[in-house]
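**Q** Each chain, letter by letter, is given below.
There are 2 protein chains.
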Amino acid sequence: VLSLGVDIGGTKILAGAVSESGQVVAERRAASPAQNPDQMVDTVSNMIQQLISEVGPVGSIGVAAAGFVNLERSNILYAPNLNWRNEPLQLRISERVGQEVFIENDANAAGWAEFRFGAARNFQSMVMLTLGTGVGGAIVDGGRLMRGGFGIAGELGHITVMRDGRDCGCGRKGCIEQYASGTALLRSAIELADSSDPKGERLRELRSAAGELSGHQAYQAVSENDPGTIELVEQASKHLASAMASLVAVLDPEVFVIGGGLSELGETLLSPLRSELAKQLPAAGFRPVAQVVRAEFSNQAGVIGAAELARESESKL
Amino acid sequence: VLSLGVDIGGTKILAGAVSESGQVVAERRAASPAQNPDQMVDTVSNMIQQLISEVGPVGSIGVAAAGFVNLERSNILYAPNLNWRNEPLQLRISERVGQEVFIENDANAAGWAEFRFGAARNFQSMVMLTLGTGVGGAIVDGGRLMRGGFGIAGELGHITVMRDGRDCGCGRKGCIEQYASGTALLRSAIELADSSDPKGERLRELRSAAGELSGHQAYQAVSENDPGTIELVEQASKHLASAMASLVAVLDPEVFVIGGGLSELGETLLSPLRSELAKQLPAAGFRPVAQVVRAEFSNQAGVIGAAELARESESKL
Chain P
1 VLSLGVDIGG TKILAGAVSE SGQVVAERRA ASPAQNPDQM VDTVSNMIQQ LISEVGPVGS
61 IGVAAAGFVN LERSNILYAP NLNWRNEPLQ LRISERVGQE VFIENDANAA GWAEFRFGAA
121 RNFQSMVMLT LGTGVGGAIV DGGRLMRGGF GIAGELGHIT VMRDGRDCGC GRKGCIEQYA
181 SGTALLRSAI ELADSSDPKG ERLRELRSAA GELSGHQAYQ AVSENDPGTI ELVEQASKHL
241 ASAMASLVAV LDPEVFVIGG GLSELGETLL SPLRSELAKQ LPAAGFRPVA QVVRAEFSNQ
301 AGVIGAAELA RESESKL
Chain C
1 VLSLGVDIGG TKILAGAVSE SGQVVAERRA ASPAQNPDQM VDTVSNMIQQ LISEVGPVGS
61 IGVAAAGFVN LERSNILYAP NLNWRNEPLQ LRISERVGQE VFIENDANAA GWAEFRFGAA
121 RNFQSMVMLT LGTGVGGAIV DGGRLMRGGF GIAGELGHIT VMRDGRDCGC GRKGCIEQYA
181 SGTALLRSAI ELADSSDPKG ERLRELRSAA GELSGHQAYQ AVSENDPGTI ELVEQASKHL
241 ASAMASLVAV LDPEVFVIGG GLSELGETLL SPLRSELAKQ LPAAGFRPVA QVVRAEFSNQ
301 AGVIGAAELA RESESKL
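Chains as they are written, first to last, in our numbering: chain P, 1 to 317; chain C, 1 to 317.
Honestly, the hints are just simulated from the structure, not real lab data. Note that CB positions come from ideal geometry on N, CA and C, so glycine has one too. Take these hints with a grain of salt, some might be off.
[As the list claims (entries may be wrong)] Derived, one-sided and incomplete: chain P residues facing chain C with beta-carbon distance under 7 Å:
{"id": "1", "residue": "I152"}
{"id": "2", "residue": "R172"}
{"id": "3", "residue": "A210"}
[What the hints assert, rightly or not] Chain C is faced by these chain P residues, among others (derived, beta-carbon under 10 Å):
{"id": "4", "residue": "G22"}
{"id": "5", "residue": "V24"}
{"id": "6", "residue": "V25"}
{"id": "7", "residue": "A26"}
{"id": "8", "residue": "E72"}
{"id": "9", "residue": "P80"}
{"id": "10", "residue": "N83"}
{"id": "11", "residue": "F123"}
{"id": "12", "residue": "G174"}
{"id": "13", "residue": "R202"}
{"id": "14", "residue": "G285"}
[Claimed, not checked] Below, computed lysine-lysine pairings styled on DSS-like, alpha-carbon distance capped at 25 Å:
{"id": "15", "chain 1": "C", "residue 1": "K199", "chain 2": "C", "residue 2": "K238"}
{"id": "16", "chain 1": "P", "residue 1": "K279", "chain 2": "C", "residue 2": "K173"}
{"id": "17", "chain 1": "C", "residue 1": "K173", "chain 2": "P", "residue 2": "K173"}
Generate the whole structure from the sequences, applying the supplied hints.
**A** Written out as structure tokens, the structure is:
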């Protein structure tokens, strides 16, 4: 039986029909009407209906969104990049499509895809860090997705790594999101290019050639082994390893799964991350060391995880 | 049916027979032969046998110890204050007393006592922080004690709050244990008394009168509302609130339970903790605020929790 998954982001919506083994067998994309809740419900419902008309009736429907989902999985409490405040998303979409939908946070859904079918499929306890525009997270302990007391656990981007550090959108200072997201790394690259530091030379060249310095150029500099850019990645790794060491103290996972745009840097990111984590581990030498692996799904993780969580939720009813 | 609980610490062992409602109906104490594993097994087994001869056969036996317990709950992997390295405690005590015993980390056991019968009995998701010689922790999410991938989750004393901060026994720097434990607060009080700062005057007087400055004198200064000592408590509160704000991002508990020796400071500690946490909360204003309450059990928490966890474990077999 197929399950549908929808992943609502700030810029695009992805929907797919997903098999029991986590394969996406049909897919739809749309721009995200991020500022208009009514239009969002329209767009998502239409995508669901189109997919059902393509693949036939589905056993379950899961919708993942970039926001705080309440413990009952009915409302989006707060979504900084979507214009929602306590939006009853589950009810509104369920009514429109004539079938119960299941709501989940997007990072949790992506983590569940990796846990069930991807990089953490052979583990029972996992922490996933999604390094993209921000830093998202998901926690699985003993085979169970951790949701917290109000439904908002796993907001791992907002662990403090620097007292009185950079301002964060969450209102705090020094959150890891400000040091190890794609956005933060690009900001560091732009600062380096803007400086007169010789280490920024290659980034300046790439900016001149492309007319701008975006993630693409930073990625290219890394693939060319540009020492200045690689140093920035290593600095981000150190900060991230510090947050991960605190996460080991709290959560003690068997494995960290690193996803999101930054994970495309592969071993350039993961290798310093592993060695820094080993150094910064509390009680190092007296405990097993968590593995650090790259996520296996990229853009489809949210769709696959939302579909699978919905399937499992239906099967429990 | 009664269950036995034993709490093994670095200086003393406490054992008790505990009712289904969490009442300790008989108790034993002994000094802890911390450096001698064989003698430890002897002492604990004797205490168990004495209690059984006093109260009659018991349904289950739980043993809590200050160390890393493996996921299978059979061995103590590492106990900094006890001379154990991968000690098969479950097997050794079970053989001696002729009945299966159940092993748990002491902070987890104390947390479970508060969750089942104490300050968190009306909640489903809790974080307990035990502020004593060190800082211990326990996590309950959705009614389930979090154990981690290797059995060592909830070592909350080793969250970093100060980059390149004070050295910690775990090998890291800047752990919250170095800022908000009883030991850390006493160290600050001694530093203040040793200084020529007028704020340390009352502490100096109490030290002269008693011949030493211990937790007792520091506690007295706080109860007299000595501004210098209260300022130290408030500084500790700020550090602790910073760690708790990161814990909210990760775990999203409904309630924090504060236990251990420092919790005897009551509202002098809890009141600044609440206001600081509210300030430092990620996405403050867009999420429910976790409550901060004082633990209800003090010394008996480990005994009660170990007994109850053993009871629940037996009932699942």
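**Q** It remains to establish, for every hint, whether it holds in the given structure.
**A** Against the structure, the hints come out as follows:
no. : hint              : verdict
1   : I152              : holds, 5 Å
2   : R172              : holds, 5 Å
3   : A210              : violated, 35 Å
4   : G22               : violated, 22 Å
5   : V24               : violated, 29 Å
6   : V25               : violated, 33 Å
7   : A26               : violated, 34 Å
8   : E72               : violated, 13 Å
9   : P80               : holds, 8 Å
10  : N83               : violated, 13 Å
11  : F123              : holds, 7 Å
12  : G174              : holds, 9 Å
13  : R202              : violated, 30 Å
14  : G285              : holds, 8 Å
15  : C:K199 <-> C:K238 : holds, 19 Å
16  : P:K279 <-> C:K173 : holds, 11 Å
17  : C:K173 <-> P:K173 : holds, 20 Å
Checked against the numbered hints listed earlier, the structure breaks hints 3, 4, 5, 6, 7, 8, 10 and 13; every other hint is satisfied.
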